[in-house]
Amino acid sequence: MKYGYFPGCSLRGTGRAYEASLLPVFRHLGIQLDELEDWNCCGATAYMSIDETSACVLASRNLALAEKAGHAQLLAPCSACYLVLNKAKHYFHEYPAMTVQVKRALQRGGLAYSGNTPVRHPLDVLIHDVGLEAIRQKVVHPLKGLRVACYYGCQIVRPYATFDDACEPTTMDQLMEALGATVVRWPLKTKCCGGSLTGTIPEAGLRLVYILCKEALKRGANVIATVCPLCQFNLDAYHHDIRRRWEDVRIPTVYFTQLMGVAFGLRPVDLGLQRGFVPFQMPASPPDEPAVAGKPVVAPPTR
Amino acid sequence: MATHCEEIRIGFYVCHCGHNIAAMVDCEAVARYARKLPGVVVSRDYRYMCSDPGQELIRQDVREHRLNRIVVAACSPLLHEHTFRTATERAGLNPFHCQMVNIREHNSWVATRKQDATRKAKSLAQAAIHRVRFHKALQVQRVSIRPEVLVVGGGIAGIHAALTLANAGKKVFLVEREATIGGHMAKFDKTFPTLDCSACILTPKMSAVRSHPNITLWTLAEVTQVEGFIGNYRVKVRRSPRYVLEDACVGCLECIDACVYRSPKFPDAFNEGLGKRKPIYIPFPQATPKVVLIDPATCLNLKTGKCKQTCLEACGERQAIQFNQQERLEEIEVGTIIVATGFKTFDPRRQPLYGYGTYPNVYTSLEIERLVNASGPTGGEVVARDGRKPRAIGIIHCVGSRDRKTNVWCSRVCCMYSLKLAHLLKEHSEAEVYNFYIDIRAPGKGYEEFYNKLLDDGVHFIRGRVGEVTDWAMTPEEEGRLVIRVEDTLAGCVRRIPVDMVVLATGLEPQPDAQAVRRLFNMSCGGDGWFLERHPKLAPVNTFADGVYLAGCCQGPKDIPDTVAQAGAAAAEVLSLIDKGYVEQEPNTAYVRDEDCSGCKSCIPLCPYNAITFAEDRQKATINETLCKGCGTCVASCPSGSIVQRLFEDDEVFAEIEGMLAYDA
Amino acid sequence: MTPEHWSPRIVAFFCNWCTYTAADLAGVSRMRYAPNVRVIRLMCSGRVDPQFVLDALARGADGVLIGGCHPGDCHYAEGNYKMLRRFQLLKRVLRGLGIEEQRVRLEWISAAEGEKVKAVINEMTEQIRVLGMLGMPRRFEEWDSEMHQLEGAVRQAESTLIPPLDDEEEPETLHA
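Protein chains in written order, with this note's numbering: chain A, 1 to 303; chain B, 1 to 665; chain C, 1 to 176.
There could be a bad hint or two in this list.
[To be verified] Computed cross-link-like contacts, SDA-like style, restricted to lysine to any residue with a CA-CA straight-line distance of at most 20 Å:
1. Lys601/B / Lys118/C
2. Lys191/A / Glu479/B
3. Lys205/B / Ala168/B
4. Lys601/B / Thr622/B
5. Lys114/B / Arg138/C
6. Lys214/A / Glu478/B
7. Lys344/B / Ser598/B
8. Lys218/A / Glu478/B
9. Lys601/B / Lys91/C
10. Lys191/A / Ile497/B
11. Lys214/A / Arg481/B
12. Lys91/C / Gln511/B
None of these hints come from the bench; they were simulated from the model.
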């Protein structure tokens with residue numbers, strides 16, 4: 001299995017732990033990722049909301065590069081990249097006027113885009129290309145006793161629910177169960193993490209984070225698994241503020257790929273697990289005993 | 001080709017149909033064109049050909065111009081062929097010397113440019129004018145109608161139709177799949193908008209069915225095969241064992257008390273699983289027939305053969321319980337059939353965002369009907385599944401209706417029954433009741449008034465489609481409750497309404513086996529899966545199968561008054577057929593021209609009705625025209641061209657092809 | 001019609017119980033579609049004699065559309081199956097005649113599928129517009145005149161090479 005790989009800026013910044021775990025896990029599963037040469041910013045949500053055409057040109061350059069390099073499919077792990085690249089591709093087919101401008105701009109850079117390269121998400125690849133059975137076979141340390149709240153966030157299911165249900169996605173749930181973890185019923189799996197509001201209007205943004213964590217703890221989760229660098233950051237980084245405003249709802253938030261790495265027996269330090277503010281470690285309690293609600297498995301604070 | 005000695009004199013008429021045709025077809029130009037075609041003596045355009053003066057025009061022309069063929073270019077022959085054949089007959093001609101041209105449904109209503117539509121009309125007219133020359137004088141065949149009627153489905157529609165027919169002295173077979181008649185209506189607590197007790201108005205009709213000398217009632221029975229045609233249907237009915245003799249059981253219910261299961265243990269379907277029953281049970285106190293039944297899936301004796309059979313003891317001398325009862329196959333002959341197989345409610349598990357099946361306190365409307373019913377599982381007390389009495393209740397409208405993801409149609413009854421349930425829930429509890437609606441649809445007698453009454457009673461109405469029913473709490477007040485998240489489109493904001501009980505106003509859907517049933521009766525289904533009526537306005541209870549009629553929700557969602565009205569209409573159609581005693585059949589049967597038949601026998605296995613036999617003495621095929629239904633399959637397959645189908649003779653079809661392509665060739 | 005003003009002419013044979021009713025429904029629903037199809041109503045697609053199809057093509061139709069009930073739904077139990085069987089054979093004949101496959105089409109359209117009537121007619125009209133005029137009547141003329149020329153040529157050759165035979169025998173020689 002071979003995919004073109006578009007890391008995007010987050011995976012080289014706040015989301016380093018995502019890449020740190022994604023690469024070894026995919027390698028372990030025998031999947032080859034070839035990084036797209038000379039990739040550029042996807043434009044993220046900000047550019048799209050200001051100038052859709054320019055944003056599409058920017059994003060389409062990556063798609064054109066992928067075609068030129070002969071990548072049959074492009075893997076975009078970051079939710080924002082995944083959405084923006086998909087949106088650029090959709091718009092390319094839906095808005096002829098915009099298509100003309102995108103083509104013209106690419107042409108000036110000596111590029112061309114046909115609108116065909118599929119943009120894939122790692123969850124999609126893992127469930128539909130690799131398959132749960134192959135993943136199950138690689139598990140050496142089943143995640144017994146781990147009660148996971150699977151957090152999909154907004155961007156991989158809205159507006160395009162490409163590989164999972166928009167309201168009730170289950171691919172990560174299936175994956176976590178295949179790793180031996182217990183998935184808690186947590187109806188907030190696609191709710192907002194606050195996005196950039198945690199920085200701009202903390203009262204609004206942090207309330208959303210607080211509710212996500214509070215509800216996860218209430219349902220007995222001891223870890224939140226996420227697919228998105230921004231979600232991970234928001235849920236992990238503001239517990240100090242949240243405790244000041246409401247109450248302590250500390251719970252580790254990790255990338256699903258990190259949990260895969262743990263289950264595959266890779267070393268935590270090779271999975272970027274040391275990067276979390278709220279440290280994660282596997283529960284020591286016997287596997288059948290569910291963790292007590294409100295008492296997450298958290299190591300003593302390091303700060 | 002034409003072997004007629006008579007001179008062909010054709011009258012051609014183009015109908016404007018007001019603007020329906022004339023707006024898109026230049027009718028005068030079509031008439032002018034037709035006037036020049038061979039055989040056409042008169043060619044006219046007229047505003048409404050189907051009107052009395054229009055038909056009179058034909059009569060006058062026949063008289064004055066000695067016409068012997070009539071061609072009318074108007075609407076679909078499926079609508080008015082009969083009208084113009086009758087007009088032709090009244091003018092003194094054989095009715096089958098008339099041919100219709102469909103320039104409305106197939107032309108003016110689907111065209112975008114007048115010149116295209118006019119060309120198409122001319123070409124279709126020419127086809128008919130060339131064809132009509134070959135028309136033969138034909139005699140209609142009469143088929144007698146057996147007076148017995150089969151009614152399928154014992155809900156309120158089937159009950160009303162059966163009683164109407166039986167009261168008129170007709171013999172009725174009423175076949176019901178469940179153990180009792182009554183259908184959905186028997187489960188309802190009250191009916192809107194008058195709040196009559198549903199049981200009080202239904203059960204007298206149910207017992208009337210049971211005691212009526214003209215009605216044979218079979219419950220736990222299903223139609224398995226239908227053969228034959230209008231007037232003479234042969235129907236097979238499979239009757240599943242009840243394990244209790246209907247004639248011997250007096251409905252004392254002592255066997256139920258005596259059952260080895262001390263307490264009821266199995267989900268009770270009549271109470272939507274909210275209550276429990278024993279393996280031997282009666283669906284509800286007024287079940288008709290009032291006879292117990294044994295569920296073979298849960299009865300210890302039927303499952304394992306190891307049981308003390310205390311029920312037999314309790315029954316005693318009556319010996320009504322028969323563990324060895326077998327399935328029976330009945331064969332009946334009827335002349336007409338009324339299909340009243342009803343509907344099923346939408347399964348809200350298909351819409352996980354409403355939380356049905358996830359949160360125990362989310363209910364369907366049918367469950368609430370049972371919950372507020374005095375003879376329901378809680379004796380009419382509004383207690384949620386978790387044992388709590390709700391402080392606030394949310395009723396969500398349009399669940400599985402008006403939704404592109406599920407069903408696009410409006411289920412017509414949900415608004416009104418939601419209002420009714422809001423009223424009943426308020427009556428039976430202290431709770432605040434919220435209705436979440438898209439539009440309130442209250443188009444019926446007294447319906448809007450009922451809505452107004454509820455507004456005055458302090459029921460809350462929030463206009464907006466609910467996004468989610470969930471249990472995550474934003475505030476301490478919401479902890480431990482259900483939260484309905486909705487965009488209030490009148491207030492212009494997103495709201496969270498905490499409640500303790502949610503009622504889903506589930507829509508109506510075709511029965512899961514509707515496709516199999518329609519095949520059984522040779523009917524059609526619409527794209528939405530409801531049985532298709534022959535004409536939405538003018539033949540709303542007829543189907544495309546002659547002698548088969550529709551009543552109730554199997555044709556589409558409707559409330560009880562409409563269902564009863566439709567059942568009455570279906571019964572009236574049946575009565576008019578029976579009292580006339582016969583139907584006239586289209587004379588489109590096939591016959592063999594002996595002189596051309598080579599005796600190859602290739603037609604014989606093609607006939608689905610076994611109407612073709614081989615006369616060994618003459619070494620020729622012969623067609624029994626009373627068995628022939630006029631499909632024409634044998635005609636198309638005859639290698640020697642010796643089979644002729646009346647009304648669709650080869651010459652007629654070839655002339656139609658030729659005429660159609662002669663224009664603008 | 002002159003080739004410049006040509007527009008496809010399609011003859012359709014529709015079953016009374018399904019496709020004809022569906023076409024009525026398309027009308028009642030005011031669906032707009034291409035004006036190129038002219039419908040002949042038959043009681044069942046089983047009545048469609050392959051000769052109808054060939055005759056329509058021979059008389060200048062550019063395509064023929066046959067509409068019947070979906071498998072299992074035939075008003076007469078199985079007339080549509082009989083048509084399907086015949087249709088398979090007819091396609092081989094058409095192939096032999098060099099007539100493109102898309103020109104003769106069999107579709108199952110139920111009484112409820114007005115939308116499908118519209119879609120099929122629009123699609124088929126477009127396909128045939130791309131294929132162009134079939135023009136069988138003109139081809140027949142050409143073939144007839146070729147035959148005439150050939151006949152003349154043969155006659156001439158015979159008159160020079162072989163001494164003329166009795167008048168009655170001549171046609172037999174020609175057709176041998």
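* Sort out which numbered hints this structure fails and list those numbers smallest first. => As far as the earlier hints go, 1, 5, 7, 9 and 12 are violated by this structure, in ascending order.
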